[in-house]
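Enquirer: Sequence:
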Amino acid sequence: MGKSKAKTGGPTTGNAAKVKKQGKTRRSFKKGENGKFRRFHKNKKNKDQELKHKEPETKQKKVFVPKKVMEINPDDVEDLMDALLENEEFRTGSVEDVEIVDDAQGESESKDEEEDGEDDVEMEVEQEEKKPSSLKLSGVERMAQWIKDSEERLDMDNWGELNVSEAILCALESEGLTNPTEIQKNVVPLASDGFDIFGAAETGSGKTLAFLIPVLENLLKHQEEHGTVDFKEKKLSALCMAPTRELVMQINKEFKKFSKFTNFRTAAIIGGMSEERQKRLLDRKPDIIIATPGRFWSWVSKHPYAGDFTSLKNVVIDEIDRMLEKGHFREMNEIIEKIHEQKTSRLQTLVFSATLTFLMLPDVEKAQQTRESKLREIAKTSKMRKNYKVIDLTNEFATPTTLKERRICCQSLLEKDSRLYYLLLTYRARTLIFTNSIDASQRIYSILLKLKISPTPLLLHAKMQERKRLKNLDRFASTPSSVLIATDVAARGLDIKNIENVIHYQIPRTAEDYIHRSGRTARALKNGMSILLLDPQDVQRYKKICKSLHRENELQNLELDNVKRLDAIKNRCYLASEIEKLEYQLRKVSSAVNWKKRMAKEADLELSDEGEEDTESDEANKRRLKKSAEKALKSALTQPLPKSSLV
1 MGKSKAKTGG PTTGNAAKVK KQGKTRRSFK KGENGKFRRF HKNKKNKDQE LKHKEPETKQ
61 KKVFVPKKVM EINPDDVEDL MDALLENEEF RTGSVEDVEI VDDAQGESES KDEEEDGEDD
121 VEMEVEQEEK KPSSLKLSGV ERMAQWIKDS EERLDMDNWG ELNVSEAILC ALESEGLTNP
181 TEIQKNVVPL ASDGFDIFGA AETGSGKTLA FLIPVLENLL KHQEEHGTVD FKEKKLSALC
241 MAPTRELVMQ INKEFKKFSK FTNFRTAAII GGMSEERQKR LLDRKPDIII ATPGRFWSWV
301 SKHPYAGDFT SLKNVVIDEI DRMLEKGHFR EMNEIIEKIH EQKTSRLQTL VFSATLTFLM
361 LPDVEKAQQT RESKLREIAK TSKMRKNYKV IDLTNEFATP TTLKERRICC QSLLEKDSRL
421 YYLLLTYRAR TLIFTNSIDA SQRIYSILLK LKISPTPLLL HAKMQERKRL KNLDRFASTP
481 SSVLIATDVA ARGLDIKNIE NVIHYQIPRT AEDYIHRSGR TARALKNGMS ILLLDPQDVQ
541 RYKKICKSLH RENELQNLEL DNVKRLDAIK NRCYLASEIE KLEYQLRKVS SAVNWKKRMA
601 KEADLELSDE GEEDTESDEA NKRRLKKSAE KALKSALTQP LPKSSLV
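Under full-length UniProt numbering, the first residue of the sequence shown is numbered 1, with each subsequent residue one higher.
Just so you know, these hints were derived from the structure itself, not from any lab. Fair warning: this is a prediction, and the values are worked out from it, not measured in the lab. Among the hints, erroneous ones may be present.
Subject to a maximum C-alpha distance of 20 Å in a straight line, what follows is the list of computed EDC-like cross-link-like pairs (lysine to aspartate or glutamate) [what the hints assert, rightly or not]:
(1) Lys-260 x Glu-233
(2) Lys-285 x Asp-230
(3) Lys-221 x Glu-233
(4) Lys-631 x Glu-578
(5) Lys-597 x Glu-619
(6) Lys-626 x Asp-604
(7) Lys-588 x Glu-554
(8) Lys-257 x Glu-341
(9) Lys-235 x Glu-225
(10) Lys-643 x Glu-578
(11) Lys-643 x Glu-630
(12) Lys-497 x Glu-254
(13) Lys-468 x Asp-495
(14) Lys-627 x Glu-554
(15) Lys-257 x Asp-474
(16) Lys-543 x Asp-561
(17) Lys-383 x Glu-325
(18) Lys-383 x Glu-337
(19) Lys-471 x Glu-254
(20) Lys-260 x Glu-166
(21) Lys-185 x Asp-392
(22) Lys-313 x Glu-275
(23) Lys-383 x Asp-193
(24) Lys-257 x Asp-495
(25) Lys-389 x Glu-377
(26) Lys-185 x Asp-230
(27) Lys-596 x Glu-630
Sequences and hints are given; from them, build the entire structure.
Expert: Quick look at the structure:
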């Protein structure tokens, strides 16, 4: 049996990942139908029963961790479990079971399985006498190992003026970040000097790293001056709040990435995660917590670590414009009040937004919201010190200079569908489509599935399970030319790399929403295009947005070049739309019939046969129409489309 190598503590892939632990007891994490994991003990008999009922195509993958690692630091095993849980295949359902057993047992088990002819893949950790497991290494040792293994070092002189610590500098180098962005150049020195900061810069400008570096620098400085605190005495050092679960997970990922050569722990506390797991994360006393305000506030009163701010050194509020909206404001205020009631040392506050111009304060008349009044209110709300610094790098138009902005006028829903399909076929690029509602997203998703768009389109909205949302985001980010249909839940702060096009299927409700949507492309000085599909009833809102964005002229019209191609596409879209409409009607009929039957049964009544026959006749007619449309669409999809010269 072939063996592949895996780094200790890294995510594994496949249907099972096994980690070996000394002793007879095995700690296992088994995923249930709801996607959550429970820990249990299992003996050999249970294992044999599971193997007996295992699906024929199921494969197991193992990663063996040395016993000594678990003896020295059991918490590192928890890190490994988190890595597995964050892995895409594990989350999406292809990994079903994780066991922790010792490496000696693993070697014998793998041989037995090989002799039995099972198609297992073993991922064994290299165990060199002179090369310790990465789980045992301190941050400094990991950095030394990385420097030793690096064949070619990058020129990091451009970071020199910012006085970044070696641990962070090496992390930046390992990610290939040799040049700080403008927001980073402006924020990092001032924040490192201890000033409170309000930072505003266009999306994709590197705001996350602009607050991440000062937080890590502050913690490193404190550690150097006071040494490492005993675990029993440890208290929370930094808190970062963000408005959405996706943004919290993204920020947490960035903190982990750039603190890898330190010993700092981070944890993400969000809705959609089991309380048991969140308690476990808090019990481990992370140095930095990244959280949504609502979920974190729920832990402040019931977990001693979450509610103790006496040693807090940094508070970060990202996307302050969204945090000031109804639904986030109260919890954020409560947390900030609690922090300042308890603080015993100097506290630094860092507040960031993509825009200051379009930031709207709650309960304040729009006419009274000047730049200065907004800054005063934000400083008051977040309890920033009086000498705070403002770094506002947003341009007049509040969108990146590398962004092309276009519009397409549509006279009907069919025209809008066909123009969207036209763009997806013509611009083969990673594309994010925004709608204003879940219903609209689901309709577009259904139509594009019927039109056989490849790769298969993905969906993202607030009512989806967290696991499914993260899975779709992972697939969108990793698949070239992929298409994601989303509500505005995805527009805030997410840094999905290499999105070439953003299409506004429905016009955004505000200029601020337009900025955040469009800001998903043309990030980090890359080119991108934002295309607005404009129908007659939205013209007034469109003009209002243009005025708010200081656009003297309307967005440039994007002409679709080939009439024959457009007609063929329109026919396909008509058929797909009709099928979607008939499916919707059939679902309604079925739902109504089931409701009537249920009510009749509860009331002990008999339904009229005449009404039932009419319903069945109507349903049969719709099914015939649907089948006919499906046949016509199948035929249309086999016919080649006229080529386009649109660039």
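Enquirer: Confirm or reject each hint.
Expert: Hint by hint, here is what the structure shows:
1. Straight-line distance between C-alpha atoms of Lys-260 and Glu-233 comes to about 23 Å, which puts the hinted pair past the 20 Å bound.
2. Note on Lys-285 and Asp-230: the hinted pairing holds, with a Cα-Cα distance of about 11 Å set against a maximum of 20 Å.
3. Restraint check for Lys-221 and Glu-233: the C-alpha separation of about 19 Å stays at or below 20 Å, so the hint holds.
4. Note on Lys-631 and Glu-578: the hinted pairing holds, with a Cα-Cα distance of about 12 Å set against a maximum of 20 Å.
5. Under the criterion of a C-alpha separation no larger than 20 Å, the hint pairing Lys-597 with Glu-619 is consistent with the structure, at around 16 Å.
6. A distance of roughly 35 Å separates the Cα atoms of Lys-626 and Asp-604; the hinted pair therefore is violated under the 20 Å criterion.
7. Restraint check for Lys-588 and Glu-554: not satisfied, since their Cα atoms lie roughly 42 Å apart, outside the 20 Å limit.
8. A threshold of 20 Å between alpha carbons decides the hint, and for Lys-257 with Glu-341 the separation of about 32 Å lies outside it, so the pair is violated.
9. Our distance criterion of 20 Å between C-alpha atoms is met by Lys-235 and Glu-225, whose separation comes to about 16 Å.
10. In summary, the hint linking Lys-643 to Glu-578 is not supported, as the alpha carbons are separated by about 26 Å, beyond the 20 Å threshold.
11. For the given pair, Lys-643 sits about 25 Å from Glu-630 by alpha-carbon distance, which is inconsistent with the 20 Å threshold.
12. Only pairs whose Cα atoms come within 20 Å are accepted, and Lys-497 paired with Glu-254 is accepted, the gap being roughly 14 Å.
13. For the hint linking Lys-468 to Asp-495, the alpha-carbon distance of about 18 Å falls within 20 Å, and the restraint holds.
14. Note on Lys-627 and Glu-554: the hinted pairing is violated, with a Cα-Cα distance of about 44 Å set against a maximum of 20 Å.
15. Between Lys-257 and Asp-474 the alpha-carbon distance is near 17 Å, which keeps this suggested pair within the 20 Å criterion.
16. Between Lys-543 and Asp-561 the CA atoms are separated by roughly 26 Å; this puts the pair beyond 20 Å, and the hint is violated.
17. Of the pairs offered as hints, the one joining Lys-383 and Glu-325 holds, with about 18 Å between alpha carbons and a cut-off of 20 Å not exceeded.
18. Distance restraint check for Lys-383 and Glu-337: the Cα-Cα separation of roughly 9 Å lies within the 20 Å cut-off, and the hinted pair is therefore satisfied.
19. Under the criterion of a C-alpha separation no larger than 20 Å, the hint pairing Lys-471 with Glu-254 is consistent with the structure, at around 18 Å.
20. Note on Lys-260 and Glu-166: the hinted pairing holds, with a Cα-Cα distance of about 12 Å set against a maximum of 20 Å.
21. Pair hint Lys-185 plus Asp-392 holds up; C-alpha atoms about 13 Å apart against a cutoff of 20 Å.
22. As the CA atoms of Lys-313 and Glu-275 are separated by approximately 26 Å, the hinted pair breaks the 20 Å bound.
23. Restraint check: the Cα-Cα separation between Lys-383 and Asp-193 comes to about 18 Å, which is no more than 20 Å; the hinted pair holds.
24. Taking the CA atoms of Lys-257 and Asp-495, the gap is about 14 Å. The hint holds against a cut of 20 Å.
25. Between Lys-389 and Glu-377 the CA atoms are separated by roughly 14 Å; this keeps the pair inside 20 Å, and the hint holds.
26. A C-alpha spacing of about 35 Å is found between Lys-185 and Asp-230, which places the hinted pair above 20 Å, so the restraint is violated.
27. Note on Lys-596 and Glu-630: the hinted pairing is violated, with a Cα-Cα distance of about 30 Å set against a maximum of 20 Å.
In this structure, the earlier hints numbered 1, 6, 7, 8, 10, 11, 14, 16, 22, 26, 27 are contradicted, and the remaining ones agree with it.
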